[in-house]
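Asker: Spelled out, the chains give:
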Amino acid sequence: MIPKIKRRQMLDMLSSGLRVDGRGLEDLRPVEIKCRSVNNAEGSAEVRLGKTLAIAGVKTSIGTPFADTPDMGVLIVNAEFLPIASPSFEPGPPDENAIELARVIDRGLRRSEMIDLRQLCILPGKAVWELWVDIHALNHDGNLMDTSALAAVAALLTSEVPKAMVNEKGEVIVNKNEKQKLPIKCIPITITVAKIGDKLLVDPCLDEEEVADVFLTATFVDDKVCTIQKRGEKGLTEEETLKCLRVAQRKARELLKIVKEVIGYG
Amino acid sequence: MIPKIKRRQMLDMLSSGLRVDGRGLEDLRPVEIKCRSVNNAEGSAEVRLGKTLAIAGVKTSIGTPFADTPDMGVLIVNAEFLPIASPSFEPGPPDENAIELARVIDRGLRRSEMIDLRQLCILPGKAVWELWVDIHALNHDGNLMDTSALAAVAALLTSEVPKAMVNEKGEVIVNKNEKQKLPIKCIPITITVAKIGDKLLVDPCLDEEEVADVFLTATFVDDKVCTIQKRGEKGLTEEETLKCLRVAQRKARELLKIVKEVIGYG
Amino acid sequence: MIPKIKRRQMLDMLSSGLRVDGRGLEDLRPVEIKCRSVNNAEGSAEVRLGKTLAIAGVKTSIGTPFADTPDMGVLIVNAEFLPIASPSFEPGPPDENAIELARVIDRGLRRSEMIDLRQLCILPGKAVWELWVDIHALNHDGNLMDTSALAAVAALLTSEVPKAMVNEKGEVIVNKNEKQKLPIKCIPITITVAKIGDKLLVDPCLDEEEVADVFLTATFVDDKVCTIQKRGEKGLTEEETLKCLRVAQRKARELLKIVKEVIGYG
Amino acid sequence: MLNTKNKKIVLIDSDGRRVDGRRPDEMRDIKIKVGILENADGSAYVEQGNTKIYAAVYGPREVHPRHLALPDRAIVRCRYHMTPFSVEERKSPAPTRREIELSKVIREALTPAIVVEQFPFSSIDVFVEVINADGSTRCASIVAASVALASAGIPMRDLVAACSIGKVDSVLVLDVTDIEDKYGEVDLPFAMMPNRGEITLLQLDGVLRLEELEKAISMATKACKEIYEKQKKALKEKYVELRKAIIEGGKT
Amino acid sequence: MLNTKNKKIVLIDSDGRRVDGRRPDEMRDIKIKVGILENADGSAYVEQGNTKIYAAVYGPREVHPRHLALPDRAIVRCRYHMTPFSVEERKSPAPTRREIELSKVIREALTPAIVVEQFPFSSIDVFVEVINADGSTRCASIVAASVALASAGIPMRDLVAACSIGKVDSVLVLDVTDIEDKYGEVDLPFAMMPNRGEITLLQLDGVLRLEELEKAISMATKACKEIYEKQKKALKEKYVELRKAIIEGGKT
Amino acid sequence: MLNTKNKKIVLIDSDGRRVDGRRPDEMRDIKIKVGILENADGSAYVEQGNTKIYAAVYGPREVHPRHLALPDRAIVRCRYHMTPFSVEERKSPAPTRREIELSKVIREALTPAIVVEQFPFSSIDVFVEVINADGSTRCASIVAASVALASAGIPMRDLVAACSIGKVDSVLVLDVTDIEDKYGEVDLPFAMMPNRGEITLLQLDGVLRLEELEKAISMATKACKEIYEKQKKALKEKYVELRKAIIEGGKT
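Chains as they are written, first to last, in our numbering: chain A, 1 to 266; chain B, 1 to 266; chain C, 1 to 266; chain D, 1 to 252; chain E, 1 to 252; chain F, 1 to 252.
Incorrect hints may have been included.
Derived list of chain F stretches under chain C, where covered just means 3 residues or more per stretch with a C-beta under 8 Å from a C-beta of chain C [stated by the list, open to error]: (1) 89-103; (2) 108-122; (3) 203-209; (4) 212-220.
Hints in this document: simulated from the structure, not taken from any laboratory.
All C-beta atoms in this analysis are idealised placements derived from N, C-alpha and C, irrespective of residue type, glycine included.
Input sequences plus hints: build the corresponding full structure.
Answerer: See the structure below:
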């Protein structure tokens, strides 16, 4: 019942072009990216979007490739919505929201070909690098999706992994002292647009998420879209869908610029 | 409390020789067997006994034999009572009823020696065929046991598995294009008899199952019995037990005939 | 609420130096040790402390050593608090109490170096003996910790494990007929002291456990302490702590004597 | 044309035909049977090429566990599940991460069409079982579940139709098969309420320019309207059949 | 005589004796101790050759979780569990499928003997722990649990006695050991209420003609009657012991 | 000096310095930040060398599930958890046995300081997330959680300070790092309420004579008093900051 009242108030404000935190409809919250704080990880990033905080860490291990991609490294994305981050999160294995988030981010990384997985092959069919990207929510104030996606990307961009070689006996030798960057090809950026009533707004905060009808998350690379995920229990018209994507495309360009500046990439 | 009233009514009817669906005490419900509807499975069968519907599929993979049977293939039977099949089934790992059903069917297949598991050995001690028989309940109107057992048997009878060979290097080579039937030695048939009051009746429907005192399930091969499972929280006299088994033996002969006609075996 | 009344009564009695079962503050309950009752185990012991009964069994298997200790056997301690043992125990995986108990006992065995794990290496880096110590509570009347620790130690002391050798091909051969004792270096003894009000008492029974403020468990070997675990949701002064340890040290000497007599070690 | 594992897999041949002979904008045959699982309040079986799916609806019914119940609407729950033998390599019957995600998106594709406000404190449970998988299983699941919901007599704002769009050998194609999904460039599952013109499922897995995406949505919208007609036809046939049964039943 | 792994394992020798020297219709020694787990409302320890089992009964007691309670009778729950070290290869302490099935059949073997109607809204919980397994563990569990139930003062229609019949080297044998189960042709676990003449457990794993089965049931029935006497004796001894303890207690 | 894997790892050099240059009784730098996780009722971030920890406190709040609630006090729950990337080899995010034990001992180290009697029927939930682990994580967790509890406004009898004592190359050392834990002889995690003089955590993993233990406890007690000052300082700074923010907020 309470969400209904909250929703009505928010709709009133939105009709005057106002968001709860004073932002314009297409404004991102302030972005903070802090990389390399986790010494034991090959790469890591803590990302804040407003009060939402997520951390991503990258670990590597040597494994066997999948049978149908014998010459490609393996990428695994996992997300945990920890009870530390929100009174509504509970301990236990990832729920459908955490799983969806991890899978959407995984598809974004994979389809953008951010990492050249072929370069992570050590011995075709036998040994490849496995890249584990683990995402932990630390404070949930809405839009964990974009915050987490950005943390994953920043952690990968700043990762340094050991060198692995095959010796004459065909054994894999890992040199932990010699480290190198991951083979990065591009930077995918994920943007979520929420629909409340007939308004579309970018980077929803928690109050907005709770009353929103539907969300459209899209990942962009080189101005093209490489993943879309419509979420929420309402529908969108075709026109609204395309409008969402155009807004998201613009914001992705903006966020990409910030990432490049902060990380010093390119 | 309601089952008690239901039980009294049913006992009244049964004393006049009448079953809820008009059958005689030793009548099976109509049997429908539909094989090979699952393209991705090596074999499959959808079996209906009245309104009870179960599907079984057979998949193969190459594995290592058990240490104490190095020259025999491996047979694994699993059953799932899915919530699609009944308002009383819940999602989650198999409960004691599904596990019991799978294990009774497994013993029937194993003790009848329906499949010559020795012929499923590829390289003794190293590589054998694993036969996975998965049974899913789709609509539960009583006697899932016999329906599932029949589905498993029909799926196995119509399975075609790839050929595997050992090359000169000792490696196992699977030829997916060349397929062959499983090495079938006989057809085991499973029949359940329920006891309600002092009446013994074959192939109980759900209404009957809910009020029955006890069940005797037996699997027959060549007129011999190779598994028995007494179920239910009441007892049976020796005389009743033997009567159940004699009835089951007769019905097994009848059902075997139907299976042979439908599948075209022998 | 009831524990509060119980606690007050117990405090009254304790202030007169009386325990519920008539013991002195530093008295152990009668100890019974029964070894080798489990034929299928390499070693086993049923231990009673008063009415508390636990059983420990030792099984061996051949496994690979941990990467950082390639020349050492592997010791695994597991404890189950079964519903057979107490109306307060529930089926399911070990809870925090069972896990803590197993880990404290594990540390005691490991840090005392009771077993010379190096002698359990068969082929460095490749094959070592794994020692599984499984502890099951059978009747819980307090102080499962010391009862279980003693059962584990007695089971190990009386274990006989098969001989393993490496043949000329570098394969590991196990000779199940030739058995030998484990390489025992010493006997660690675990003693728990409970604090109720300002009284320290040894080997608490269940009634005492339920009202105790805090517990100090310590394992001794050669009069030195090799594990400590403070348990319970209250604190202890430094003085109390040291007093507990001195009491425990004395009782450990006493119990060690009993163990040596019963097992006939040394 | 994609070069995978040193084999070139041609997905569109020189005549512009796909691996199974279809034109890019051609759907596979769809069979829809209504009401074959008797225990369910509504059910449907959908066969789309070799993709074969059972859907059953239980509800509106009491919610278990009760604390999940809502005072102003029914909750909708969905379980998309694949049988272990429905795919090339046997899968474990335990739900995978993929199945958990798909259960969520299917639920979110169906819910907008259900008049949940009519059933406070209740649940509407949708169970989907994939018997054989040959691409587009989530779309076929939505088609089946939507028909099952209607056949359960649950008031709906519209039916939900669904189809997938792919991009293979640089060509946009309708109704993606397993091989096209595996070796193609793009998979875009899509669902909508054709009458209301609302998209209720949209996922993209693969790179597209926004103009291509627009084109893909148009293709999908057109196909959904066709499927919609088939869904209605199947439902009508069922009612005719039922009425016939009732009339004939009246004669005896 | 069975040929396994190129080794001939002789289960019945030329004198008609079994591996452990018993005749086909000879049972192993059975020791039954009553009431050794003090927390339980009733308990028993059974040693049948090298098969060693503890059974404990808690109840009638309040049901947790409460929604399982029945208004007209007690529910009976049973957990058959093996310690990891009770078998040749260490088993995980988590319940296996076998343990889950056996828990069910043991419950169904015991329940007919319990006057459950006297305890509505309650549960009677039977816990069985196999300490060492050498064949016939489910039968020994039933023997132990039945005595534990009686010693808990739970009203019973009869005790339940149990034993297994095997077929080894073509001969029917009583009270199957592990090696006879492994290399024999048939295992038939059996339980009955001897006084009431009702069979409460019957399983068969192996091929028999119906006439052989009839013979096996006769053998089992006879053996159950002997076990029944031992169960009653163990219970009586316990009561004598208790009475003695009470009288002596009265003296002090 | 310990000989492991044929490599001698020197943990105390000839100048009496440790691997990271510290003297035996020297602590690593500790940074304590209060209140950085906005959803929590109280939170803290602690950095002790390369050990980095977030702690959050939720409560006092309603207990879920309700049957855990106590009529005369709040229950305290604690979850110590490591991120998969916080350790050298990636760990699974599922709680390990070690994490379950540590959650328990941390809870038991904190509870004596909390005035639980003031909040019947409530829970106070402490969540600790180890972001990077370099030894002494349970002690740093207690330091962080204790500050988080205070910053949540929960009435406390005292703060809890914590530190670890090790023994490396036969020397007792303060504030053990990962390498000292791995190759050292002893690890002794310790926590106390400095003002009340009560030890609330004491674990020992390694061999000590009782006299050595006494010395170790003295070292730990002294260090805890230093940490205690840092905890108080961090809390005061936060309040100053808050007051400033309020005053400045008042100006606008």
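Asker: Take the hints in turn and mark each one as holding or not.
Answerer: Structure-based check of each hint:
Only residues whose beta carbon comes within less than 8 Å of a beta carbon in chain C count, and the stretch 89-103 of chain F has 5; three or more means the coverage holds. Counting residues of the stretch 108-122 of chain F whose beta carbon lies closer than 8 Å to any beta carbon of chain C gives 3, which reaches the threshold of three, so the coverage claim holds. Requiring three or more residues with a Cβ within less than 8 Å of a Cβ of chain C, the coverage given for the stretch 203-209 of chain F holds, as 7 such residues are present. Three residues within the 8 Å Cβ limit are the bar, and the stretch 212-220 of chain F against chain C gives 3, so the coverage statement holds.
Violated hints: none; the structure is consistent with every hint.
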